[in-house]
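In the order they appear, the protein sequences are chains F and C.
Letter by letter, the first sequence follows residues 283 to 489 in the working numbering.
Letter by letter, the second sequence follows residues 117 to 512 in the working numbering.
The set of hints was computed from the structure by calculation and includes no laboratory data.
None of the values given here were measured: they were computed from a predicted structure.
Just to be clear, a hint being listed does not mean it is correct.
To give an idea of the chain C side of the interface with chain F (calculated C-beta under 7 Å), a few residues [claimed, not checked]:
(1) I210
(2) D211
(3) P213
(4) L380
(5) N406
(6) V407
(7) D418
(8) L427
To be clear about the criterion: a stretch of chain C counts as covered by chain F if any three or more of its residues have a C-beta under 8 Å from a C-beta of chain F, and this derived list gives those stretches [claimed, not checked]:
(9) 314-327
(10) 368-375
(11) 431-445
Here a beta-carbon is modelled for each residue, glycine too, at the ideal position from N, C-alpha and C.
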Amino acid sequence: MSYELNYTIGSIPLEKLKPKKVRKNIELTLWERLYIPEIVRGMIITTRHFVQNMAGFIFPPNGKKRRVFTVYYPEEKLTIPIAYRGRPVLVMREDGTERCVACGLCESICPAFAISIVGGERRRENEMERYPVTYTLDMSRCVYCGFCEEVCPKEAIAMSDEYEELAERDRNRMIYPKEKLLVSEKRLKNRIDYVRKIYSKNNYNAK
Amino acid sequence: MSDLKKTLPTEYMVLNMGPSHPVTHGTVKFLVTLDGETIVDFVVDIGYLHRGFEKMCENSTWEQVFPYTDRLNYVPPMINNVGYALAVEKLLGIDVPERNKYIRVIASELSRISDHLTNVAASGLELGAFTAFLYFVEARELVWDMLESLCGARLTSNYVRIGGLKNDLPEDFKDQTTAVFKRCRELWSDVDKLLTKNRIFIDRVRDVGIMPPDEAIAWGFTGPCLRASGVPYDVRKANPYLVYDRMDFEIPIGEKGDNFDRYLVRMEEIIQSMRIVEQALKEIPSGPINVDMPEYRWQSKDDIYNKIESLIFHFKTVTEGIKPPPGEVYFAVEGTNGELGFYLVSDGRGKPYKCRVRPPCFPLTAAMPRMIKGSLIADVVPTFDMINMIGGECDR
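Taking the hints into account, I'd like the entire structure generated from these sequences.
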């Protein structure tokens, strides 16, 4: 038994809803019920995939090593897009100090409460500046949301492209101190440029 | 035969399926009472993935809710992001720029494709069709690569913001979409050939888990399961949000409301979603993606770096959160399993007073006993697959 189509939604006419019946030719024909031809038809599809994948090892398509989708990790690695959000790192200036001024914005926005900062002051080039005495990032809590990068007013924290060797057997070792988080400016240049680009003024509605 | 039944009485057997059964795609338990192989009673036990989403929201600012919404229905996280952002924007009474709306539509539809691909692939896998699973997982991988290049993560997207987006479309997105959809359509037609007329598959799914349309409405069904029963209800058409009213797409409907109809509806929706993405990419205007309202959307980095008053205001909005006017609002989007609604209450402070989610798969899961009673124990697998209950959304 099947049901007649007499349901409409509110006052919307059926022409606007554009319903499309998908159940058609449901009864199998005799040819299909014979079973063997259908198995052969299925085998043709899977064999086609098999042969194409095999041939893809000898004649790989452009820019790839083979036709099959598998990447032989860890010998090969994916090229990850610039938008990728990996392990958050602190940006280190060329003299080895951090850009962070311990304002605490990342600490307050972090939805997982992974960051804790103790701020202090020090003398650098005859000027007093604020700096984080300790900057602790609990990687067992971090959810890689990227809010810290988005709110930072000093470009001091960035989501790097590192995704490996983050697992540990001991949770205490996943609490990263400042020294483990610092990464030089040069290595993060692409990401910092990208952040500047995506939050630049021309992405905002001019009034 | 009746003599035999008297002399050989059978007892009901109670069987626990789950909470970590391969069929359950997460954690849910069924308490099945069996007479031989026939199901006489069926109790669904949910709540194994309860994380207190609604309570967590009350303790975080309006922006901080976005990473939590990623984890509701974790196969298409973008749709949850979009739904929550639209609900908050309705509460604030703001409108987002045109380009933003198109990008949100593209992101939602790509997520919908990935969810339906996963659902059909996993259902095929559990009914023994491993090849179909491999093909569709390749297609899903391609779609997820696109989402990754868009938002920076595959699963925990955190892409949409209140009154804006995290970033614009990548430059080569259109070419990438063309290439990916070409391959997806090839794989789709292969899976269609392997499954739709496959007698083993049809025998397992056809006439199983039937839900008549009137009862489906009474149970609160929405989404593909309701459309499989023959009711052309789709939030995108019935109550168009974003730019869905400008898109040309069809609502696939079934006739009978069994699992085979649900499978067919999902397969057709993959194609329709691809059409929507292609149209949206064709019509997308250039322009900004964020509103310039520092009280609602964090300001641009140019302003924060260069203007002291912007910096001070930035500190204020980030630490205190945005402050919507007191009031309550309900907004629903078409999730992959149905109407995904957000009911928000604001008391004028920086945190939601209440953030209630209407999960589309809760009514579907509740109707499992109605659909499965009287059929065989093996029918639990296709029925529950086609319900597509996601623990993260149902239990929250």
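- Report the numbers of all earlier hints that the structure fails to satisfy, in ascending order. When the structure is compared with the hints, numbers 1 and 2 turn out to be violated.
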